[in-house]
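Enquirer: According to our numbering, the sequence shown is numbered sequentially starting from 1440.
One should not assume that every hint holds.
What the hints assert, rightly or not - In silico PhoX-like pairs for lysine-lysine, Cα to Cα no more than 25 Å straight-line:
id	residue 1	residue 2
1	Lys1573	Lys1492
2	Lys1534	Lys1624
3	Lys1469	Lys1633
4	Lys1580	Lys1492
5	Lys1469	Lys1666
6	Lys1492	Lys1534
7	Lys1602	Lys1651
8	Lys1630	Lys1602
9	Lys1469	Lys1664
10	Lys1633	Lys1664
11	Lys1664	Lys1630
12	Lys1624	Lys1602
13	Lys1602	Lys1633
14	Lys1666	Lys1633
15	Lys1492	Lys1581
16	Lys1630	Lys1651
17	Lys1630	Lys1580
18	Lys1664	Lys1602
19	Lys1651	Lys1666
20	Lys1469	Lys1602
21	Lys1651	Lys1624
Honestly, the hints are just simulated from the structure, not real lab data.
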Amino acid sequence: MKKLTIMAVLAFCSITLFAQYDGPTAPDYKLIERNINNSSSNFNYSNLMERYKLGDSTMTVDEQRHLYFGYVFQPSYNPADTSQYNARMATVLNKQHFSDRDYDDVLQFADALLAEDPFNMRALNAKLLVYAQKNNVDAYKKTAQQRNIVQRAIISSGDGMLKSTPYYVIKVSHEYDLLGFLGFKFGGQDKIEKNCDCNSLTLAPNRFGVDKMYFNISPTFDYVKRKGSGKI
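Using the sequences plus the hints, can you model the full thing?
Expert: This is the structure:
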């Protein structure tokens, strides 16, 4: 119970503007699919994506959830994380000092990653780094809001403490992205759990005493079943 309370406090303190948040709720994928395909609905997907790209701060948590989880029903959805731009961006970010060209390269690689996965938090974080260094306030605010939208959607789905209350993510890579946001480091073990659609990550020693975190990756499993085996 102590761990659950700590995680709940951590999540709420880390995310602002949660006026519509009623507590962790697993996504209803069937309902989300129906809503996002309704052209007259507030959850129509093309409208939600346009608002996301603008960094719309007025999106409700429910709209954010339809945006994030609804992406699995888009033709461009692919849970694999094999883009060449991951390594190229990481190479630049690992430098001790950055030139103007390095900043431009980071933005280019981050945008390429976001074209493949619009909810790539590593890419969003990289853009925030560049905008902060260049004092581009407007771009920073928009990108920060985009990252908040993704984080809110995931955090609203569970607490990650148990198999029965996992965080729901649409890509395995988003698990690792979320750890940093919550203040944790990966502990080295990544395991597909039995009798559930969950993946678990062990955590490095931390002041909260949390050893493991659970993530539901059912859309990834569904994708692999439809397309055949592949790297996720």
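Enquirer: Give a verdict on every hint.
Expert: These are the hints, each one checked on the structure:
Under the criterion of a C-alpha separation no larger than 25 Å, the hint pairing Lys1573 with Lys1492 is consistent with the structure, at around 21 Å. For the suggested pair Lys1534 and Lys1624, the alpha carbons sit about 21 Å apart, so the restraint of at most 25 Å is met. Among the hinted pairs, Lys1469 with Lys1633 is consistent with the structure: their alpha-carbon atoms are about 24 Å apart, no more than 25 Å. Our distance criterion of 25 Å between C-alpha atoms is met by Lys1580 and Lys1492, whose separation comes to about 12 Å.
Only pairs whose Cα atoms come within 25 Å are accepted, and Lys1469 paired with Lys1666 is accepted, the gap being roughly 20 Å. A C-alpha spacing of about 29 Å is found between Lys1492 and Lys1534, which places the hinted pair above 25 Å, so the restraint is violated. Proximity of Lys1602 to Lys1651 is assessed by CA-CA distance (about 10 Å); at most 25 Å being required, the pair is judged to hold. For the suggested pair Lys1630 and Lys1602, the alpha carbons sit about 12 Å apart, so the restraint of at most 25 Å is met.
Pair hint Lys1469 plus Lys1664 holds up; C-alpha atoms about 18 Å apart against a cutoff of 25 Å. As the CA atoms of Lys1633 and Lys1664 are separated by approximately 17 Å, the hinted pair is consistent with the 25 Å bound. Under the criterion of a C-alpha separation no larger than 25 Å, the hint pairing Lys1664 with Lys1630 is consistent with the structure, at around 19 Å. Note on Lys1624 and Lys1602: the hinted pairing holds, with a Cα-Cα distance of about 20 Å set against a maximum of 25 Å.
Under the criterion of a C-alpha separation no larger than 25 Å, the hint pairing Lys1602 with Lys1633 is consistent with the structure, at around 10 Å. Taking the CA atoms of Lys1666 and Lys1633, the gap is near 22 Å; set against the 25 Å cutoff, the hint holds. Annotation: proposed proximity of Lys1492 to Lys1581 holds, straight-line Cα distance about 8 Å (limit 25 Å). For the suggested pair Lys1630 and Lys1651, the alpha carbons sit about 10 Å apart, so the restraint of at most 25 Å is met.
Proximity of Lys1630 to Lys1580 is assessed by CA-CA distance (about 36 Å); at most 25 Å being required, the pair is judged violated. Under the criterion of a C-alpha separation no larger than 25 Å, the hint pairing Lys1664 with Lys1602 is consistent with the structure, at around 22 Å. The straight-line distance between the Cα atoms of Lys1651 and Lys1666 is roughly 30 Å, outside the 25 Å bound, and the hint therefore fails. Distance hint between Lys1469 and Lys1602 is fulfilled; the C-alpha atoms sit about 21 Å from each other, no more than 25 Å.
Note on Lys1651 and Lys1624: the hinted pairing holds, with a Cα-Cα distance of about 11 Å set against a maximum of 25 Å.
Checked against the numbered hints above, the structure violates hints 6, 17 and 19; every other hint is satisfied.
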